[in-house]
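*Asks:* As a plain string of letters, each chain reads:
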Amino acid sequence: MTPVFTSLQWSDLLFLLEGAWNTILISVVAIILGSVLGAIIGWLMSLKNTALNLTMMSIIDVFRSVPLLIQLILFDSFVAIAGFPLPPFFSGTIVLTVYTAALVAGVARAGIEAVPPTLRAAARCLGLSYFQELRYVTFPVGLRTAFPSWLGVALATVKDSALVSAIGYVELLRASQILNTRTQESVKIMLLVGVLYFALSYPLSLLGSRYEKKMASNDHP
Amino acid sequence: MDYQFQWRPVIQALPQLLEASLVTLQVSVLSMGLGLLMGLVLYFIRKSPILPLRAFATTWIEVARNTPSLFQIFIFYWGLGEFGIFLSPYVSVVAALSFNCAGYMAETYRGGFAAVPKGQNMAARTLGMTAWQSLRYVELPQVLRAIYHPMTNQFTWIILASSLGMLAGLRELSGETQYFNSRTFRTFEFFMAAAVIYYVITKIALLVLKAIGWNLFKAERAAK
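Line by line, the protein sequences give chains F and L.
Taking the numbering used here, the leading residue of the first sequence gets 61, the next gets one more, and so forth.
Taking the numbering used here, the leading residue of the second sequence gets 19, the next gets one more, and so forth.
Think of the hints as simulated: they come from the structure by calculation, not from any bench.
From the three backbone atoms N, C-alpha and C, an ideal C-beta is built for every residue, glycine too.
Hints are supplied without guarantee of correctness; some may be wrong.
[Unchecked claim] According to the in silico footprint, chain F covers these stretches of chain L (three or more CB under 8 Å from chain F):
1. 30-40
2. 175-182
3. 216-229
[Stated by the list, open to error] Derived BS3-like pairs (lysine-lysine); straight-line CA-CA distance at most 27 Å:
4. F:108 - L:221
5. L:221 - L:136
6. L:242 - F:274
7. L:65 - F:108
8. F:274 - L:221
All chains should be modelled from the sequences, with the hints used to inform the complete structure.
*Replies:* Below, the structure is given as structure tokens:
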């Protein structure tokens, strides 16, 4: 009779690393797509069109007031109902992207609004078109204020990607659970998973705090 | 689309879902309270001159902030089992969320204390207050004002994060929803109802916290 539980092997490490790779994959895709989408929404909100802002804000508010886990399950079941079920990676990426975009939108808007209007007007006076001014003046200047908050959102997305496990995507956390069930050696595995997550997130938070310190010392020499 | 939406099972289960929302609220308030207290302790330990204490606080804060909260819940729920410590879903979720909250709040407190001018403490001590009195009557009230807004955000976050209890077998709002889902297979309908309830809960919580803040900081508004 073959035993129900088999002990931990070196090849299991590979399985965990594959999970970590999937975590990186889904986070990077969601962060990139979410940032682009969020930046566009943030820009639209900085136009100060009341009707548009009210619509945008109430939609964003919904995404920020409903748990991500519920959003994932809802979307996953909805696409199945609608007749085109998606593999967990795609439905996970879509939900995570929209969620990230909802967070980035606020950051982008604050960044754009931190650019002095006089600076923007001056750029226009010098003959830059609207989009040239946006690209060469507002973007680089606004990025300086928005960058630390954006890093915070990116960090949150990496961590939130763990929830995609709930709809069946085998990322790091899910991989560890599969190993836990088979080997019953939860401590070793969980410790390793913790280290891997930490290795993914800590550089981001370190970068954020370094940048903030640098900015602070720039402002008050 | 040949799917028939059926809301009747949801409506029938509504009393139980609302009852489970109370568990959600309970878990959130408990975790927030514990997190606030432990966060303050962590903030002070982090400044202590004793290296092991400092290292302990720093490790706590960094682990809490740099690993997924779901992972933290799993550590408390399954990880501790290997040491013979078996926590109920309720206890492990509250423990994990307050562990997480404490890490974030410790950082928030740092910002809050930085906002209080150093002279305040000196003045209080000069006037004959003990270190504790200065903290309790002079600094903490100002810190509370500084961290109140981030704290409300943290509370909303905890309400949403408590939904992860579902994956540790806790019967709070999400867990209850999942329970009914597994009995009726009306996944979309049930989780839609849960989403609406969560939305309403967070909105009510924010309103209540705003009202409390409005009452707490009357003096500051009058001074302006």
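*Asks:* Could you run down the list of hints and mark each one as holding or not?
*Replies:* We went through each hint and held it up to the structure:
no. : hint          : result
1   : 30-40         : violated (count 0)
2   : 175-182       : holds (count 4)
3   : 216-229       : holds (count 4)
4   : F:108 - L:221 : holds (25 Å)
5   : L:221 - L:136 : violated (37 Å)
6   : L:242 - F:274 : violated (33 Å)
7   : L:65 - F:108  : violated (44 Å)
8   : F:274 - L:221 : violated (37 Å)
Checked against the numbered hints above, the structure breaks hints 1, 5, 6, 7, 8 and satisfies the rest.
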